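There are 2 protein chains.
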Amino acid sequence: MPNTSMLAAAQPFTTGERDAVYKAIFTRRDVRDQFLPEPIPNDVIRRLLEAAHNAPSVGFMQPWNFITIRNQTVRDRVADAFARANEEAAAMFTGERQSRYKSLKLEGIRKAPLNICVTCDRERGGKVVLGRTHNSSMDLYSTVCAVQNLWLAARAEGIGMGWVSIFRDADLKSILGIPDRIEIVAYLCLGYVDELYERPELEVKGWNRRLPLDDLIFEDRWRGGD
Amino acid sequence: MPNTSMLAAAQPFTTGERDAVYKAIFTRRDVRDQFLPEPIPNDVIRRLLEAAHNAPSVGFMQPWNFITIRNQTVRDRVADAFARANEEAAAMFTGERQSRYKSLKLEGIRKAPLNICVTCDRERGGKVVLGRTHNSSMDLYSTVCAVQNLWLAARAEGIGMGWVSIFRDADLKSILGIPDRIEIVAYLCLGYVDELYERPELEVKGWNRRLPLDDLIFEDRWRGGD
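Protein sequence lines correspond, in order, to chains A and B.
The opening position of the first sequence corresponds to residue 1 in UniProt numbering, with each subsequent residue numbered one higher.
The opening position of the second sequence corresponds to residue 1 in UniProt numbering, with each subsequent residue numbered one higher.
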C-alpha cells in the first residue's frame, strides 16, 4: 500500500549539524587501549543499539543480533581465544614486520567495560530476500552498516570503540553459545575515552600510510590496467 | 614508532552535536525515487568521498575505489543491466508477493544525477593483512563502512542515496571496465532530495515490519535454540 503521505520534507542539515556529522566521521578511531573503566549506563547502550538497529538492511530484513558482554569470566575466555588466534596471526608475518606486529596492541577485550558481538541471521528473511537475489553478501553488508552506525553514535557519546577480528569463529561461537547457522560479523570493545589518536593508530605507529584520495577516484570507468 | 603525543583530548560531543549525529542515523533513507535533477557540485562530492575514505579499514589497507558516474550513456547501460537482473529476481517470488515486488521502484540509476560504484581491491595490502588473517571478509566489511559513512554524510548535505544490489556482477564489470580481481561492493545512486520517507520505504509499503529491538539483544550469551 504505497502511502505518499509518509513523505516528509527533508532539508539539508544546518552547518552546525553537518559539521557534527563530519566530526564524528573524521575523529572516529579504532580504539584498543584508551578505555576508561567507568561502566556505560544502560540508557546509553540502548541509544547505541537503536542507532545500529536503524541501519539500512537489504529487503528490510534486519538480520542482526547484539550480544552485550559485561561478564568478566566471559571476557577472559574471549581474550584467551584472541591470544591464541593472534599467535597464529603473528606467525604469518616475518622479520621486522613481525616484530612490529607483536608490538601492537590489537584489542581491549578485558580493559573495555563493554563488549558487543554483532551477528547476522542469514535465514531471517526466508530463502528469497529482496535485493539479495544477485548478491548473497548483502545481509552481511547490512550488518556491517549497523556496526558503523554504532561506531559513530559511540563517538558522539564520548565512547571509544574497537573492532576485534582476530578470532577463530568456532572459539567465539563456543564461548557465546552462538548457533552454527548464525554468522559472526563483528566483535566490538567499548568504553568511555578521554583521549583518542588524532590520526589512525596504524598510521601513527608506522604500519601503513594514508593513501591519496585522488588516486582512488575514477570517472565513469575504471582507470588503468587490471 | 609509537608516538603518544599523537593522542588528543576527546570529550563527548555537545548535546547539539550528538543530536545531529543521531538525526543523520535515524532519518537516513534508501532513496529510489525522490531524486531532484540538480547536479551535485564537485566540492560536495569531494566531501562525501573524504567521508568514505575516512572509514575504518582492516590493517589500514583502505581497499576501496570510487567510480563516479555521471555519463548518461553509461547510466543507461547500467539501468539496462539492472532491468535484466530484476526480471530474474521477480521470478523468484510467487503470487501476491511477486505482484508486490514488481510494484516497487528499486533503483534511481537514471533519475539520480550521480551514481558511484564502490569497489574493494582485495590485494591492496599484500597477501597477509593485519586483522584479516582469521576473517577473510574484513576488507569487504571495511568497504561497507565507507559506504555507510558516505550515506550519512550525504544525508547531512541534503542528498539522498540508494544502494542498488540487483545486478549480475559480470554485467557491471563489463560496462565499467572493472578488472576481474576487483570486487564490486556497492552501486549507489545520489541526488538532492526535498522529501524523504519518515520510515523505511519497505516498511511504509508493507513489505516487512520493523522488528522490536528487545528481541534482538542478548546478554553475555546467545539466548534460545539454534
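Note that these hints are calculated values from the structure, not bench results.
None of the values given here were measured: they were computed from a predicted structure.
Worth double-checking, as some hints may not be accurate.
Stated by the list, open to error - Subject to a maximum C-alpha distance of 30 Å in a straight line, what follows is the list of computed DSS-like cross-link-like pairs (lysine-lysine): (1) A:K173 - A:K127; (2) A:K173 - B:K127; (3) A:K105 - A:K205; (4) A:K111 - A:K23; (5) B:K173 - A:K105; (6) B:K23 - B:K127; (7) B:K205 - B:K105; (8) B:K173 - B:K102; (9) A:K173 - A:K23; (10) A:K111 - A:K173; (11) B:K23 - B:K173; (12) A:K23 - A:K127; (13) B:K23 - A:K127; (14) B:K127 - A:K127; (15) A:K127 - B:K205; (16) B:K23 - A:K23; (17) B:K111 - B:K205; (18) B:K23 - B:K105; (19) B:K127 - A:K102; (20) A:K205 - B:K127; (21) B:K127 - B:K205; (22) B:K102 - A:K127; (23) B:K102 - B:K205; (24) B:K173 - B:K127.
Stated by the list, open to error - The calculated label-pair distances, taken between Cβ atoms and stated as ranges, are: (25) B:P39 - A:A91: 49 to 55 Å; (26) A:R199 - B:R70: 29 to 35 Å; (27) A:E198 - B:L36: 34 to 40 Å; (28) B:R181 - A:D169: 24 to 30 Å; (29) A:D169 - B:D194: 43 to 49 Å; (30) B:A91 - A:M92: 40 to 46 Å; (31) A:D43 - B:E203: 23 to 29 Å; (32) A:P39 - B:T14: 18 to 24 Å; (33) B:E203 - A:S103: 44 to 50 Å; (34) B:D215 - A:P39: 20 to 26 Å; (35) A:E198 - B:G224: 19 to 25 Å; (36) B:T15 - A:P212: 32 to 38 Å; (37) B:G177 - A:E38: 37 to 43 Å.
All C-beta atoms in this analysis are idealised placements derived from N, C-alpha and C, irrespective of residue type, glycine included.
Hint check results:
1. A:K173 - A:K127: holds, 23 Å
2. A:K173 - B:K127: holds, 27 Å
3. A:K105 - A:K205: holds, 11 Å
4. A:K111 - A:K23: holds, 26 Å
5. B:K173 - A:K105: violated, 39 Å
6. B:K23 - B:K127: Roughly 40 Å separates the two Cα atoms, so the pair is violated.
7. B:K205 - B:K105: holds, 11 Å
8. B:K173 - B:K102: Satisfied, since the Cα-Cα distance of roughly 26 Å is no more than 30 Å.
9. A:K173 - A:K23: violated, 35 Å
10. A:K111 - A:K173: Distance of about 21 Å is within 30 Å: holds.
11. B:K23 - B:K173: violated, 35 Å
12. A:K23 - A:K127: Violated, at roughly 40 Å.
13. B:K23 - A:K127: Distance ~33 Å between K23 of chain B and K127 of chain A Cα, so the pair is violated.
14. B:K127 - A:K127: violated, 34 Å
15. A:K127 - B:K205: Since the Cα atoms of K127 of chain A and K205 of chain B sit roughly 21 Å apart, the hinted pair holds (cutoff 30 Å).
16. B:K23 - A:K23: holds, 14 Å
17. B:K111 - B:K205: holds, 21 Å
18. B:K23 - B:K105: holds, 25 Å
19. B:K127 - A:K102: Between K127 of chain B and K102 of chain A the Cα gap is close to 18 Å, so the pair holds against 30 Å.
20. A:K205 - B:K127: holds, 21 Å
21. B:K127 - B:K205: Cα-Cα ~45 Å, so violated.
22. B:K102 - A:K127: holds, 18 Å
23. B:K102 - B:K205: Holds, because 12 Å separates the two Cα atoms, which is no more than 30 Å.
24. B:K173 - B:K127: Distance ~23 Å between K173 of chain B and K127 of chain B Cα, so the pair holds.
25. B:P39 - A:A91: 49 to 55 Å: holds, 52 Å
26. A:R199 - B:R70: 29 to 35 Å: holds, 32 Å
27. A:E198 - B:L36: 34 to 40 Å: holds, 38 Å
28. B:R181 - A:D169: 24 to 30 Å: Holds - the Cβ-Cβ distance for R181 of chain B and D169 of chain A, about 26 Å, lies within 24 to 30 Å.
29. A:D169 - B:D194: 43 to 49 Å: Check passed, 46 Å falls within 43 to 49 Å.
30. B:A91 - A:M92: 40 to 46 Å: Taking Cβ atoms as reference, A91 of chain B and M92 of chain A lie about 45 Å apart, which means the hint holds.
31. A:D43 - B:E203: 23 to 29 Å: holds, 25 Å
32. A:P39 - B:T14: 18 to 24 Å: Since P39 of chain A and T14 of chain B have Cβ atoms about 23 Å apart, the given range 18 to 24 Å holds.
33. B:E203 - A:S103: 44 to 50 Å: holds, 48 Å
34. B:D215 - A:P39: 20 to 26 Å: holds, 24 Å
35. A:E198 - B:G224: 19 to 25 Å: Distance hint for E198 of chain A, G224 of chain B is violated at roughly 44 Å.
36. B:T15 - A:P212: 32 to 38 Å: holds, 36 Å
37. B:G177 - A:E38: 37 to 43 Å: violated, 52 Å
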